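J.: Chains as they are written, first to last, in the numbering used here: chain A, 132 to 266; chain B, 830 to 954; chain C, 76 to 349; chain D, 447 to 613.
Honestly, the hints are just simulated from the structure, not real lab data.
Values in this document were obtained by computation on a predicted structure and should not be read as measured data.
Don't take every hint at face value.
Stated by the list, open to error - Think about it this way: if two alpha-carbon atoms lie no more than 30 Å apart in a straight line, the pair counts; the simulated DSS-like pairs of lysine-lysine are:
id, chain 1, residue 1, chain 2, residue 2
1, D, K595, D, K610
2, D, K578, D, K606
3, B, K943, D, K499
4, C, K195, D, K499
5, A, K262, A, K166
6, D, K451, B, K943
7, A, K262, A, K167
8, D, K606, D, K499
9, B, K897, C, K79
10, D, K451, C, K195
11, B, K943, D, K610
12, C, K79, D, K610
13, D, K536, C, K195
14, A, K256, A, K166
Residues per chain, in single letters:
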Amino acid sequence: MPLIETFLAAYIMLTSVATLIISLYGVFYKPHLTKKIISITIFGDAVNIFSAIVGFRYIYPVAPPILLTENPTAQDLTNFLEVAVDPVPQALVLTAIVIGMAVVSFMVFLALNVFRIYHTLDTRKIAEQRKRSEE
Amino acid sequence: MIDLILTIIGEILIAVGVFCSLVASIGMLRFPNFFVRLHAATVGSMGGSFLPIIGAGLIALGSDFPDKWMFFGGLIVAAIIVMLVSPAGSHALARATHRARVAPVEPKVTDHLKEDEDEKEGEKD
Amino acid sequence: MNTKTVISLLVIISSLLAISYAIADQATGVIPQTGLRNLASFYLENTLNPSNKSYWTASPEATSAIVWDYRGFDTFFETSVFYLAIVGCTLVFELYEPPKSKTTKQTELGLTIIVKVITKIVGILIVCVSASIALHGQLTPGGGFQGGAALAVLPILFIITMSRFALDRKVNDTSMIIIRALGLCGIGITVILPLFLGFITNNNAYIIQNQMKPDALVSLPSTIADKMMGGSLWMLNVSEYIAVGAGFTLAFLLLSLPERSFKKILEEEKYATY
Amino acid sequence: MNLKKSIVPIFLAFVVYVVFSGSLSIYDISTGIVVAIVAGLLFSEILVKNVSKSLSLMRLGHLIRYAFYYFFVAEVQAHLDVIKRILNPKMPINPGIVRVPYEVSSDYAIVGVAGSIINTPGTVVIDIDEEKKLYYVHWIDVSTQEPGKCRQAICESFEKYLTKVFD
């Protein structure tokens, strides 16, 4: 594999891992619930990009996993196997995106209800209010 | 023959689009305020994205691979949606910015909208 | 430094190390790879193979074939996760009655006429494009999930440009629940259909079976009018399109309820005194 | 539900579906008809108000003529003008917001004229007053502040074509 492609692959890998770690930091250390939800969506996107790269092949020419002929011969299938990328991570990412969107909308609903009760989304202020009500 | 002509027309359109995008980005940097920059953004949306999308569609039509009509049709529909949606976006953005008064309209020759709005508020008071 | 900070630091550092190990030590296969994994080559070779029909799916699109045929059970349960998330959303709002529109003139609500009319025209384009994405899921990139997500853009646009109350007559919570239930029923029927066919023809059959297998000679139609249909893939894509589109529309409708009408309910119930 | 009203939306939906799918096989045409009927019936009430106007072929011809004028004359002129202004070292801009009265009456004509004004670089409609029939246009080169002359410079050519199409 040429040097430039190795470099590019390593670069994409490192950036996706860095995004993952930064979003984890956001989930743990940002006190505002909206920012936590945003961090979770970024986490999901980073994981999706990572798994899409895992399925990619660093060759030329490279093709999507779709047969273009409707009646393939054995020769067609061998050619197809030489250029097509791995379809399994793509299938996983595909459903993960929609499930992620549904889960995020559920989290938004819960955050909205928290806001209705406490009139804030800042976890520090919520903790203060809870302490006060317990006293 | 007709494939070659289609490919050449598509490449010309993409070249024009590249030029328009470049000019639009220069304009975004040089123009003084938000509202004037919108004009540069319009150059970027019509010349810089509508034309190249159609050009890419023509290139797809000119090359020989199966399902080329699918690519052509998808790109044409995308171009039409860009053409329809970009004025609505610019208008909504400009209206919201002007109503919220977050961006100054400076330098300016005149601002009739602000005059009329002030007049309306004066009537209410 | 309390225990919470230590635990979160530990989680971050350990995940960093785990991913680094996965990349550096090739635990997930050679990254970046040039070859094909065994599983992938099996799927790619068999998804449309007229000479060996014992494992084929009659769909030239390998990703769709994996989603709804080879890994059909996974997707079935992922759909139920989606369904449960939307059910959770509606349950959170179940106590309250949605408010009705008080203003009679719709022109007073929303953005200017330019944005409204353009949104209406773009709306019909979005419906056609998303339907095309969903209906060609067995032939080209696309499918039920993507088509439904594209369709869900439409209610967001309409809610933003003309307010929620412009939609109320045809598109409301009840009708969306009914349409989503219809989509889910479609998925359920398609899943059980092979069993039913096997019962009629007195053959062995499995749940979510698509084409005939060596020990189960039941198959759903692979071609209609010389176009590849992929048997159950087509029906599942259409059902999923309807279910996902209606489900997201329901979520957005509930999220766009005006806040002031809820404040009144909360104050009445003494709910806000925490 | 008026069936005549939904003819144009159904036709539009069918054309968009077939163009997007990019093939004329039996499968595409049959599914296209189903999708077009559903979408057209859903959107007929909000898209079409006047049936006879929507079915007139004369208006379609005028629309095509307008499209030619718009893409090959108006857009090109406006692009060249703004590009010259951007690339000129002195940057001769003269911006301001002016009132521009319009004389078209139907919704589609108002939106068509406004969209054309926004999509040609150099002019952006900031706000619209439907009672006074005024656009408030941000113009990159305010050569005149008189409403009549502004109209002549900015939107008269669009109105001339679009009146025939939509009014």
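J.: Give a verdict on every hint.
T.: Against the structure, the hints come out as follows:
no., hint, verdict
1, D/K595 x D/K610, "holds, 22 Å"
2, D/K578 x D/K606, "holds, 20 Å"
3, B/K943 x D/K499, "violated, 38 Å"
4, C/K195 x D/K499, "holds, 18 Å"
5, A/K262 x A/K166, "holds, 23 Å"
6, D/K451 x B/K943, "violated, 41 Å"
7, A/K262 x A/K167, "holds, 22 Å"
8, D/K606 x D/K499, "holds, 17 Å"
9, B/K897 x C/K79, "violated, 57 Å"
10, D/K451 x C/K195, "holds, 15 Å"
11, B/K943 x D/K610, "violated, 33 Å"
12, C/K79 x D/K610, "violated, 71 Å"
13, D/K536 x C/K195, "violated, 43 Å"
14, A/K256 x A/K166, "holds, 15 Å"
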